[in-house]
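Chains A and B are the protein sequences, given in the same order.
To convert, count from 1 in the first sequence and add 271; that's the working numbering.
To convert, count from 1 in the second sequence and add 271; that's the working numbering.
Hints are computed from structural coordinates only; laboratory data are not their basis.
Each hint can be trusted.
Chain copies aren't distinguished; within one or between two, either way the pair holds.
Listed below are the simulated DSS-like cross-link pairs for lysine-lysine, each with C-alpha atoms no more than 30 angstroms apart in a straight line: (1) Lys-678 to Lys-324; (2) Lys-431 to Lys-472; (3) Lys-557 to Lys-531; (4) Lys-485 to Lys-557; (5) Lys-592 to Lys-496; (6) Lys-273 to Lys-619; (7) Lys-684 to Lys-277; (8) Lys-557 to Lys-592; (9) Lys-694 to Lys-324; (10) Lys-277 to Lys-694; (11) Lys-558 to Lys-592; (12) Lys-698 to Lys-324; (13) Lys-558 to Lys-484; (14) Lys-557 to Lys-484; (15) Lys-592 to Lys-485; (16) Lys-500 to Lys-592; (17) Lys-464 to Lys-532; (18) Lys-425 to Lys-440; (19) Lys-484 to Lys-592; (20) Lys-496 to Lys-484; (21) Lys-531 to Lys-472; (22) Lys-500 to Lys-532; (23) Lys-532 to Lys-440; (24) Lys-317 to Lys-304.
Values in this document were obtained by computation on a predicted structure and should not be read as measured data.
Protein chains: 2
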Amino acid sequence: MKILIKNTSVLTMGEEVELMGNASITIENGIIKSVGLAPADFEADKIIDGANKLAMPGLVNSHTHIAMSLFRNYADDLPFWPWLTERIMPLEEKLIPEHVYWGSLLSIVEMIKSGVTSFADMYFFMDEVAKAVEETGIRASLSIGMSESGDQDKKIKNAKAYFDNWHGKADGRITVMAGPHAPYSCGPSFLSKVIDMASEKRMGIHIHLSESKKEIEDSYSLRGKSPIKHVNDLGLFELPTLAAHCVHLSDEDIEILAEKKVSVANNPGSNLKLGNGFARVEDMLKKGVNVALGTDGSASNNNLNMFEEINLAALVNKALKGDTTSIPATTAVEMATFNGAKALGIDKEVGTIEVGKKADIIIIDLNKPHFYPRYNLVASLAYSAQASDVETVIVDGKVLMENYELKTVDLEKVIFNAERCAKSLIK
Amino acid sequence: MKILIKNTSVLTMGEEVELMGNASITIENGIIKSVGLAPADFEADKIIDGANKLAMPGLVNSHTHIAMSLFRNYADDLPFWPWLTERIMPLEEKLIPEHVYWGSLLSIVEMIKSGVTSFADMYFFMDEVAKAVEETGIRASLSIGMSESGDQDKKIKNAKAYFDNWHGKADGRITVMAGPHAPYSCGPSFLSKVIDMASEKRMGIHIHLSESKKEIEDSYSLRGKSPIKHVNDLGLFELPTLAAHCVHLSDEDIEILAEKKVSVANNPGSNLKLGNGFARVEDMLKKGVNVALGTDGSASNNNLNMFEEINLAALVNKALKGDTTSIPATTAVEMATFNGAKALGIDKEVGTIEVGKKADIIIIDLNKPHFYPRYNLVASLAYSAQASDVETVIVDGKVLMENYELKTVDLEKVIFNAERCAKSLIK
Numbered sequence: 272m273k274i275l276i277k278n279t280s281v282l283t284m285g286e287e288v289e290l291m292g293n294a295s296i297t298i299e300n301g302i303i304k305s306v307g308l309a310p311a312d313f314e315a316d317k318i319i320d321g322a323n324k325l326a327m328p329g330l331v332n333s334h335t336h337i338a339m340s341l342f343r344n345y346a347d348d349l350p351f352w353p354w355l356t357e358r359i360m361p362l363e364e365k366l367i368p369e370h371v372y373w374g375s376l377l378s379i380v381e382m383i384k385s386g387v388t389s390f391a392d393m394y395f396f397m398d399e400v401a402k403a404v405e406e407t408g409i410r411a412s413l414s415i416g417m418s419e420s421g422d423q424d425k426k427i428k429n430a431k432a433y434f435d436n437w438h439g440k441a442d443g444r445i446t447v448m449a450g451p452h453a454p455y456s457c458g459p460s461f462l463s464k465v466i467d468m469a470s471e472k473r474m475g476i477h478i479h480l481s482e483s484k485k486e487i488e489d490s491y492s493l494r495g496k497s498p499i500k501h502v503n504d505l506g507l508f509e510l511p512t513l514a515a516h517c518v519h520l521s522d523e524d525i526e527i528l529a530e531k532k533v534s535v536a537n538n539p540g541s542n543l544k545l546g547n548g549f550a551r552v553e554d555m556l557k558k559g560v561n562v563a564l565g566t567d568g569s570a571s572n573n574n575l576n577m578f579e580e581i582n583l584a585a586l587v588n589k590a591l592k593g594d595t596t597s598i599p600a601t602t603a604v605e606m607a608t609f610n611g612a613k614a615l616g617i618d619k620e621v622g623t624i625e626v627g628k629k630a631d632i633i634i635i636d637l638n639k640p641h642f643y644p645r646y647n648l649v650a651s652l653a654y655s656a657q658a659s660d661v662e663t664v665i666v667d668g669k670v671l672m673e674n675y676e677l678k679t680v681d682l683e684k685v686i687f688n689a690e691r692c693a694k695s696l697i698k
Numbered sequence: 272m273k274i275l276i277k278n279t280s281v282l283t284m285g286e287e288v289e290l291m292g293n294a295s296i297t298i299e300n301g302i303i304k305s306v307g308l309a310p311a312d313f314e315a316d317k318i319i320d321g322a323n324k325l326a327m328p329g330l331v332n333s334h335t336h337i338a339m340s341l342f343r344n345y346a347d348d349l350p351f352w353p354w355l356t357e358r359i360m361p362l363e364e365k366l367i368p369e370h371v372y373w374g375s376l377l378s379i380v381e382m383i384k385s386g387v388t389s390f391a392d393m394y395f396f397m398d399e400v401a402k403a404v405e406e407t408g409i410r411a412s413l414s415i416g417m418s419e420s421g422d423q424d425k426k427i428k429n430a431k432a433y434f435d436n437w438h439g440k441a442d443g444r445i446t447v448m449a450g451p452h453a454p455y456s457c458g459p460s461f462l463s464k465v466i467d468m469a470s471e472k473r474m475g476i477h478i479h480l481s482e483s484k485k486e487i488e489d490s491y492s493l494r495g496k497s498p499i500k501h502v503n504d505l506g507l508f509e510l511p512t513l514a515a516h517c518v519h520l521s522d523e524d525i526e527i528l529a530e531k532k533v534s535v536a537n538n539p540g541s542n543l544k545l546g547n548g549f550a551r552v553e554d555m556l557k558k559g560v561n562v563a564l565g566t567d568g569s570a571s572n573n574n575l576n577m578f579e580e581i582n583l584a585a586l587v588n589k590a591l592k593g594d595t596t597s598i599p600a601t602t603a604v605e606m607a608t609f610n611g612a613k614a615l616g617i618d619k620e621v622g623t624i625e626v627g628k629k630a631d632i633i634i635i636d637l638n639k640p641h642f643y644p645r646y647n648l649v650a651s652l653a654y655s656a657q658a659s660d661v662e663t664v665i666v667d668g669k670v671l672m673e674n675y676e677l678k679t680v681d682l683e684k685v686i687f688n689a690e691r692c693a694k695s696l697i698k
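Kindly produce the complete structure, drawing on both the sequences and the hints.
Set out below in structure tokens:
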């Protein structure tokens with residue numbers, strides 16, 4: 272399959288952020304062949320007119336639990352513990368694989384429509400999530416979420432098997448990490464088992480770290496140190512790590528994250544909604560930490576709209592620092608694209624529009640009132656754009672949405688079945 | 272004209288917030304005649320099918336400068352003073368009435384498309400804004416922004432003439448307030464002249480108050496009191512007042528705002544973007560202050576998307592208070608509807624869906640992935656909805672947008688002319 276996107280604006284992102292006007296992108300067998308002038312002899316099978324549009328790297332949702340879309344708007348404006356223990360957990364106990372499958376599809380549909388081409392997920396019944404990824408054509412880093420309760424050896428065995436079954440599958444669109452849930456749900460001995468398993472398999476780690484004030488206080492009471500220091504002392508950061516949240520950090524924590532090249536998934540929408548506060552995003556970036564953006568699950572957001580997260584990252588940090596230059600537009604967009612790809616360990620393949628990379632590209636329809644006048648397209652992405660401006664989505668060189676129309680999923684079927692599953696959960 | 276919206280969900284808002292399923296709304300000569308069951312003998316000229324949709328009161332943007340859409344994404348991520356004095360003000364000096372007209376139309380198009388039915392504006396060349404309001408069918412409270420520099424008597428005379436020319440015009444859709452810009456740009460003697468004029472004409476006041484930390488510090492240096500205390504001592508709050516921003520408030524300030532029944536336009540997007548910080552929204556509401564929501568101008572936001580402001584109000588205050596119950600969904604939606612109508616002094620006419628009120632109604636298309644499953648529609652408005660979900664907009668009983676199609680404005684003509692004006696400003 273040879274695709275030509277012609278006559279368009281292109282935002283390349285990557286080490287050199289370049290905004291090109293009136294450019295073309297050619298794609299062959301899923302790989303970007305040229306950016307700028309198309310080769311004269313390129314015989315396209317498919318031509319996409321990019322006039323008054325912007326092509327940019329697909330967004331990376333670096334932390335979510337996509338099956339939790341089934342709990343969207345089910346429990347809001349409640350204190351954290353009643354929310355979790357009285358509302359969310361009782362529903363989670365009722366989940367069966369079929370629910371996770373349809374909930375995952377509902378979220379994947381929402382993500383494709385809003386320009387997400389890759390996501391990092393941690394949940395259970397993860398075979399269902401992998402199937403949904405395989406069928407829809409999106410890209411994902413998947414982890415079975417593990418706590419220490421129950422049969423630990425079986426959990427380790429299942430995590431290994433999940434890696435063996437799915438890592439590199441779906442034409443390489445699926446990668447697998449180990450998913451120890453958090454240091455408060457995984458004690459040191461279980462965490463050490465996970466670390467040993469991940470080292471043996473050369474897996475990355477996806478973990479929740481330093482999300483709430485209570486977590487920090489409990490960690491100091493129990494161990495006299497922060498969650499970050501604790502897992503670092505256990506050797507967890509010797510593996511490539513994607514640490515979700517990292518809201519409450521000491522200067523020493525930030526030094527550790529930088530030194531150990533940990534990637535952080537900042538989830539501003541979830542952190543605000545659950546009352547957890549404001550992450551030290553600018554401080555982390557200044558120290559060289561790779562900070563990506565994520566939505567968290569739809570029970571704590573309540574959508575998977577990465578344009579909202581870009582906007583929040585660019586706005587909230589300015590107020591927090593009292594400095595209008597904090598997290599400028601380019602940085603916010605970078606967090607949602609290139610930094611996200613790094614966080615998922617797939618930055619050699621995607622995250623920028625560059626020759627030789629896999630074609631994970633989204634096209635934004637600029638013919639909307641909020642994109643006029645046309646002074647600065649990067650600023651407009653961070654401060655004016657909406658998820659609904661995404662009109663075409665390409666992953667791995669395959670068109671998943673074109674001119675707002677989904678190509679690989681039956682939207683009505685997904686909605687019907689997700690509703691059916693949700694109803695069976697609350698009856 | 273008799274309109275029937277049938278078979279829909281209705282969120283009434285107002286003192287009693289009611290969510291009705293499978294309901295009808297009838298509208299006759301611009302007035303809501305029934306909500307719930309339609310009268311059996313209602314012969315509709317127009318029928319709108321509301322299946323899988325939600326009818327709710329139109330959103331009220333309680334503080335903006337709509338012609339500033341011409342500066343959207345022109346100057347971002349800059350410190351406040353260079354932003355204002357080196358970028359925005361030099362462009363404002365070049366503005367001619369034609370620019371304000373097309374900039375206003377660009378913003379009105381954006382507002383209609385995103386469900387705004389009323390807005391409060393303060394700027395200059397306000398005849399042009401009034402013309403744009405009259406032509407498009409939207410509702411507005413308009414004020415000429417006044418500073419003390421120049422011929423003060425002429426300014427007072429112009430403000431009076433503007434009131435005489437426009438207040439109650441466009442079938443009553445236009446109301447006029449006096450617009451002294453702020454206590455730092457209007458000294459006490461000029462403010463007193465404005466207060467006298469407004470008292471004589473029975474006008475409300477639209478003013479910027481306590482937006483930045485610097486404003487508070489300067490006010491204490493100069494007068495030994497806060498801006499709020501200062502204007503209250505001058506008697507300004509004896510008139511119905513719409514105070515924009517009110518970010519930095521003492522407990523005494525909040526007491527004054529409550530006692531004097533001042534309405535506050537909270538602009539979270541602008542306050543964050545310009546690094547001004549976090550307003551004490553929950554504290555104000557608890558003391559009985561009427562807090563509405565606004566976008567501010569597109570140079571400091573950079574759009575007029577009230578769904579983003581609803582979302583920000585519901586999210587940011589939770590993190591600020593460390594309390595997930597702060598500003599629940601219903602409150603955030605109330606701020607953007609009923610409280611906004613009160614702030615504009617038009618709550619007897621609009622702001623809720625109730626029999627006898629003018630029909631300012633928007634219809635949300637719920638057939639989007641992010642509205643499933645369907646547990647709580649009010650929560651979904653605050654946490655999941657997007658401006659692009661608005662599919663039909665009715666103001667004063669007249670359809671301004673139906674099934675996403677604008678009925679009173681030529682979108683392409685507006686965009687073309689707004690671009691032309693923007694280009695002539697920066698050349």
